[in-house]
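There are 4 protein chains.
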Amino acid sequence: MSTYSFLNDYTEGAHPRILEALTQLNLVQQQAYGNDDYSTHAKALIKEKIENKDAAIFFVTGGTQANLIIISSALRPHESIISSTLGHITTHETGAIEATGHKINTIEKDNGKLTKEDIIPVMIAHDFGPHVVKPRMIYISNSTEIGTIYTKSELKELYEYAHENDLYLFMDGARMGSGLSAPNSDMTLADIARYTDVFTIGGTKNGALLGEAIVIVNDDLKSDFSFHLKQKGAMLSKGRLLGIQFQELFKDNLYFDLAMHANKMARKIADAITAKNYKFLVHSTTNQLFPILPNDLIEKLEENFIFYRWKKINETHTALRMVTSWATQEAEVDRFIKQLTPN
Amino acid sequence: MSTYSFLNDYTEGAHPRILEALTQLNLVQQQAYGNDDYSTHAKALIKEKIENKDAAIFFVTGGTQANLIIISSALRPHESIISSTLGHITTHETGAIEATGHKINTIEKDNGKLTKEDIIPVMIAHDFGPHVVKPRMIYISNSTEIGTIYTKSELKELYEYAHENDLYLFMDGARMGSGLSAPNSDMTLADIARYTDVFTIGGTKNGALLGEAIVIVNDDLKSDFSFHLKQKGAMLSKGRLLGIQFQELFKDNLYFDLAMHANKMARKIADAITAKNYKFLVHSTTNQLFPILPNDLIEKLEENFIFYRWKKINETHTALRMVTSWATQEAEVDRFIKQLTPN
Amino acid sequence: MSTYSFLNDYTEGAHPRILEALTQLNLVQQQAYGNDDYSTHAKALIKEKIENKDAAIFFVTGGTQANLIIISSALRPHESIISSTLGHITTHETGAIEATGHKINTIEKDNGKLTKEDIIPVMIAHDFGPHVVKPRMIYISNSTEIGTIYTKSELKELYEYAHENDLYLFMDGARMGSGLSAPNSDMTLADIARYTDVFTIGGTKNGALLGEAIVIVNDDLKSDFSFHLKQKGAMLSKGRLLGIQFQELFKDNLYFDLAMHANKMARKIADAITAKNYKFLVHSTTNQLFPILPNDLIEKLEENFIFYRWKKINETHTALRMVTSWATQEAEVDRFIKQLTPN
Amino acid sequence: MSTYSFLNDYTEGAHPRILEALTQLNLVQQQAYGNDDYSTHAKALIKEKIENKDAAIFFVTGGTQANLIIISSALRPHESIISSTLGHITTHETGAIEATGHKINTIEKDNGKLTKEDIIPVMIAHDFGPHVVKPRMIYISNSTEIGTIYTKSELKELYEYAHENDLYLFMDGARMGSGLSAPNSDMTLADIARYTDVFTIGGTKNGALLGEAIVIVNDDLKSDFSFHLKQKGAMLSKGRLLGIQFQELFKDNLYFDLAMHANKMARKIADAITAKNYKFLVHSTTNQLFPILPNDLIEKLEENFIFYRWKKINETHTALRMVTSWATQEAEVDRFIKQLTPN
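Residue numbers (the numbering used here), protein chains in the order written: chain A, 1 to 343; chain B, 1 to 343; chain C, 1 to 343; chain D, 1 to 343.
Don't read these hints as lab results, they were simulated from the structure.
Don't take each hint at face value.
Pair ranges (Cβ atoms, derived) [unchecked claim]:
1. C/Gln-329 - B/Asn-165: 41 to 47 Å
2. C/Glu-117 - A/Asp-118: 53 to 59 Å
3. A/Glu-315 - B/Pro-16: 37 to 43 Å
4. B/Ala-44 - A/Glu-299: 29 to 35 Å
5. D/Lys-116 - B/Asp-219: 56 to 62 Å
6. A/Glu-299 - B/Gly-129: 56 to 62 Å
7. A/Lys-312 - B/Glu-20: 17 to 23 Å
8. B/Asp-166 - D/Ile-306: 53 to 59 Å
9. A/Lys-312 - D/Asp-110: 36 to 42 Å
10. A/Thr-85 - D/Asp-110: 50 to 56 Å
11. D/Ile-120 - A/Ala-331: 42 to 48 Å
12. D/Glu-20 - C/Gln-329: 54 to 60 Å
Backbone N, C-alpha and C define an ideal beta-carbon position, used for all residues, glycine too.
Go ahead and model the full structure; you've got the sequences and the hints to work with.
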């Protein structure tokens, strides 16, 4: 019996239905660059889901690519984006945003979520242009980089503040599936489209081989967007590869079914950990867990499982990051739970 | 009977063996970010093919992406790249190279190929720094954007000149398969690795769903290369998608078999066109043809076939661009040839 | 008797009146960053001259700085600027524009001037976005880099074409004084303001220690401009240095008086050269001359004068570039003319 | 009697000797672009002062310009610079560094000074490339943005740590004069040259009309530096303007005499404030003071003096920023001190 990985949500390939669709449609000749029938259909399906016929939708291969194109196409050179210090763009994209010329104004937040109250001091601190950058966009994630989620009222308040202050609101949805499928989530994709200016729907971490949908709701951000895709190397000549996948994910409820499986597997692990009276670094209801376990138990678990040692808590305890996905096998979850007791 | 497309070499999906491999390996857990077993194996296969164990190899999703990362990682801000005006980076990448901060010094050449004699005047014109950029890299393509190819002696001469003048030589191999498989080509992949500093091997136009291999031969260009992949949004979390494809293409002769099919189909069309006494804009032995046909014949052909009207020649004739690929069906080629006679 | 330089128009310091003004106002406390009284007054003087009270005016230290800020603040990342191959931004600014991310679309023109007929093919060639950049601004110079000038009807036609095609028209006026003071010029600064969207008025080459005025006429280009000055390192803390100089140049006719002197000195040289039956590479009525002289005469002249060997014409003749300025001494011009006969 | 400004150290023009030198040398013909005799001589004088004949020295017009050129010429695209959150590049340059593509890794420090202990956690946090930027340079200021200074042992320790960890050390010397002239400073310019890789010597805030000297000590950072000056619009055609000023400042002890005057004036104010039992936000021995005064006293002082309200301390007290300079008149200092008592 070999080790099983809970390291992340991109350890396997794609949901079998996606490979079947790719195979079935493989030799049909199609237009290039995202103008294929499948991409068109996938966009229509998503527009229906978000209840917005006027959204502009584009498919790209990954999250960093989506983020850097959305931000650099929206901002003028002197404008900046506000993010939590935990924000993926801030910490884990090798300076991708700065490489397009823009500063990120960071805010420290333990739960990774931004509120109006967090933004106000940043705006005040930048109220003496032209000597400072001009914040013009807010970056948030749902679920966040540490598994937390926004409620509808939280998002609405942030969106309204943003619009009163000439700020765009951009939600990174690399884990949108898991976020919206969380038991305590009170939002739908249509709500996201209502209370953001632009957002992404992550495919890579939720059943696709690769792919993120960029959904632009605010008209100001739509103009010439495809030029930016091309310039940044994100326009696939075989755009069908992305169209077919999103068509498959959204032609029924597959996208959310897969996310719910991931959340369910995480919940099972979390409940078992809680039952053993272990704590968590942060309360997550999505597919990322941050349990704090004794080091000797961790060492024992590492004989059979792979996960990430996130943060040293003290001499005897460490917080882990464990991630489940659409592909997580319940038998492995059960095996993990069984081994949760120290020897 | 519907229209059949000779518009480009990315109108279909992938060679069936690739989809089969993706399906078969789909649920094996693998490391992310290109550290999967398949990518490792694919790199080993390519290193063998190019007879260079020390090359650094990376897989990315597309040609523009490969080009902008190779160039921006190699050049300092004041350095430029020399290209033909036909070079893909010059004309068809929406300013992707300039967007990373670098000027392209262009040279007009009807055949799309650069020689030492073409480069010398550019170097002389830039011999009064710091008031001008400093050329530091030469960009060539094989086959070129108009289907021509380099011979070994041409490439060697250019490479030697480049190295005597502190210039890197970068070959864009988006159509490397077709280029090296041309009947009049006298080079192998190992020759390419010998006489360039960095080159790409195109998968997208030769049987893959997507994917280009970046092969770095010159040690100077290897350092920290993966940081640039990540920063530009080119590092797939499921790098396996690219690894599996290149493993399949290079585990036997599939890559070149597919290219030879494309070339063979192009040759068949070219021979038929020549037999009718029509001319070509440029002599191509690869999978891109530029026949000059009478407008009324073109209109007739357009009822059943799709191709690109490349350039108006005179009031009665137009040069077309026709492209064949690994997926081109010989029956359609035959149908096209049959319709080559004006009514 | 030592050598005298006709190499360029920035070989001496500043017109004495400028140094006197700097000295006289030296210890008056003033606000920083261009908000001093002198800058405010200088702007008012220029607005009167251009007959446009709503123009936004900024002073910067040099031409490359002005160019890169104007262009990068106006264009979105996928937009490009059209220029003659002789344009200063194209050839002599070390890739400054590309370093801000923008491609320059170049047009070869012997006289350095662009017309509607030159621009049209560029626009046609870029009519298949998103695969190519989107031209959005035209760059011209007056006088041009080779001493030629625009007439009012030429400028008006270009401006009207630009506006019909969603292009901004930007005139680099590094040598605006000499250009507008040429005997065959039929324009005033007010005409320039009428038929461009943004232009500069060069101080460095016309009597100032340093300094260019950026005049923005089109409202679209005014927004947040000062942020860009700051970001690119162009906002002087002691902006008074520029304000005092432009105040002095424009409080009476000094700016044009100096330019007329430069032109008059050039004319005197040109007439003498013509009288000897020598030709010119280009017909210039401004302060730059490009005479074609026999090499032995050039060698003789070089014993006493400094100028630039611009271009080899044939084995026995070379075209020179000779430049006069506000500071050129007539006695040296006479001495030069006397030596114009080969031994 | 009007208001007198302690707002900053760039409220007046230049020291009279500088204007006299500019006037005296005004009409001597000189080479352009910094190749004039005065720039050459000024560089020789500085090399002597720093006891380093091999340093590469360049003059530019301002601090932001110097910072962005030094940093962007030194770093590759994926490399970052470490700075205090108070660092001028971090907060007051409108994203100038990010606009060249580079992230700033920030460290919060109340005294604005960085130590080895501050840097270590940043390096640990960035020890998992390629998913994060690679810190490659440390930015410090002396005196800092809040008036504090480094001791020789502090600088030496930081420099040694930097070199052990492949980091360049860059000192922003916009207020180098005041910093090195502080009573508690134990360093000379030669020490700065010994324990940094590159630094600047600020002229603008210490007697010049404008101008910063960039001094590159580390050979790695010298290559092609002038190309970057040109590309960023920092190469003056009349470089003599900067050369003459630095020649005047460094041909005797003028540079430090002016700084000592500024410090002396600040000390006089500080002593008077202390005598009244008021406190300071930070202990400064240089020309920037941050006294905490009662709001009603501040209001009274504002009737006659201009200074900056830096930070609200509580409901009744505010910290000010007051700056003295080479031009500060002792009579005004005395007048200020006299008014220090609340009514």
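Hints, one by one, checked against the model:
Roughly 44 Å separates the CB atoms of C/Gln-329 and B/Asn-165, a value that falls within the hinted 41 to 47 Å. Hint check: C/Glu-117 to A/Asp-118, Cβ distance near 56 Å, so the stated range 53 to 59 Å holds. Taking 37 to 43 Å as the suggested C-beta distance range, the pair A/Glu-315 and B/Pro-16 does not conform, at roughly 57 Å. The hinted window of 29 to 35 Å between B/Ala-44 and A/Glu-299 holds, with their beta carbons roughly 34 Å apart.
Between D/Lys-116 and B/Asp-219 the beta carbon distance is about 32 Å. The supplied range of 56 to 62 Å is therefore violated. Taking 56 to 62 Å as the suggested C-beta distance range, the pair A/Glu-299 and B/Gly-129 conforms, at roughly 59 Å. Take A/Lys-312 and B/Glu-20: their Cβ atoms lie about 45 Å apart, and the range 17 to 23 Å is violated. For B/Asp-166 and D/Ile-306, the Cβ-Cβ distance of about 55 Å falls inside the hinted range of 53 to 59 Å, so the restraint holds.
For A/Lys-312 and D/Asp-110, the Cβ-Cβ distance of about 27 Å falls outside the hinted range of 36 to 42 Å, so the restraint is violated. A C-beta distance of roughly 19 Å is found between A/Thr-85 and D/Asp-110, which places it outside the suggested range of 50 to 56 Å. Separation of D/Ile-120 from A/Ala-331 is about 44 Å and conforms to the stated range, judged on CB atoms against 42 to 48 Å. A C-beta distance of roughly 23 Å is found between D/Glu-20 and C/Gln-329, which places it outside the suggested range of 54 to 60 Å.
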